[in-house]
Amino acid sequence: MEKTVLFTVEDSTALITLNRPERHNAICRDLLVRLYDAIDEVAHNDAIKAAIITGNGKSFCSGLDLEVVGKENLLDPRGDGRDMPDVFSACKKPIIGAVNGNAITGGFELALNCDFLIASENARFIDSHAKVGIHPGWGMTQLLQQAVGQRMAKQMSFTCRPLSARDALLHGLVNEVVAAEELIPRAKQIARDISEVNFEIMLEIKALIEKQNEVSLEQSLKIERQRFQGFLKRAKLLF
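Offset between the sequence shown (1-based) and our numbering: plus 9.
Errors might be hidden in some of the hints.
Said to hold, decoys possible - DEER-style ranges, computed between Cβ atoms:
id	residue 1	residue 2	range
1	H144	A188	35 to 41 Å
2	A188	Q221	29 to 35 Å
3	R236	E11	42 to 48 Å
4	V78	E185	32 to 38 Å
5	V78	S98	34 to 40 Å
6	E185	L15	32 to 38 Å
Derived by calculation from the structure, the hints in this document are not laboratory data. All of these numbers come straight from a predicted model, not from anything done at the bench. Heads up, the beta-carbon is just placed ideally off N, CA and C, and yes, glycines get one too.
Modelling step: build the complete structure from the supplied sequences, incorporating the hints.
Printed below as a string of C-alpha cells:
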C-alpha cells in the first residue's frame, strides 16, 4: 500500500507530497499523522532549512475524505492534543505551499497554514464548508481574511465559489502563479534562496512578522527593538 504522504530531503529542502491521487489527496487520519510527523521532522532536523508541501496528481488537496468523517479521529489524529494549526505554528522554519490543482475546504486550510503559496496556472481555491455542511476548524475563518481581506473572505466562504489562480494572485492569496511544470522547480528555487540567507536572522524576522497576529503593533515594534538591541550587543562581542 502506498504511503499517504511522501517525504524526501534534497540539499536543505524537504519535499512533503500528499499522496492519495486517486482520492484527490483527500484527508484521512493516516494522511494527517504522516503530514504532522513530516512537519515535526522539518522543525527538529537542523539540516533542513525550508519545506515544500504539494499534492500528487491533479489536485493539491480536496479536503476531508467524507467517507471517513465520523469514523476516524481527524481532530487529534496522533492523540497528542495537537491539530493542524498547532503543528504548523510549532515549526519555525518556512513552509512553502506549492498548489497544483484544487485546494478545497480542509485542503484550502492546509494551504493557508503555509507561510506563502506558489500556485500553478490550473490551481483553484474553494471554501465549501457552508456548502457541504462541515464547520471550519483549521483556521479558515481567520487565515483567509488575513490573506485576502474580510470582504473577499466573506464572499468566498458565503458563496463557496472557486477562486482561480490568477484571481488568487490579484487578491494577494498567492505569491506567484507559474506553469504547472514549473511549480516544483520554482518552489525549490525559493527554498534555495532561503537557505542562502543568515538563517538565524531570517527566523527572527519570521517570528516578528507573525507577532502581528498575537499582539498590538506597538508591542510588536517594542519586541523588534529589544531583539535588535540584543543583536547589537552580541555583534559587539563578536567584532
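Here is how each hint holds up against the structure:
In this structure the supplied range 35 to 41 Å holds for H144 paired with A188, their Cβ-Cβ distance being about 36 Å. For A188 and Q221, the Cβ-Cβ distance of about 33 Å falls inside the hinted range of 29 to 35 Å, so the restraint holds. The given range of 42 to 48 Å is respected by R236 and E11, whose C-beta atoms sit roughly 45 Å from each other. Hint check: V78 to E185, Cβ distance near 33 Å, so the stated range 32 to 38 Å holds.
In this structure the hint that V78 and S98 lie 34 to 40 Å apart at CB is violated, the actual value being about 25 Å. Range check, E185 to L15: about 24 Å between beta-carbon atoms, so the 32 to 38 Å window is missed.
Against the hints set out earlier in the document, violations occur for numbers 5, 6.
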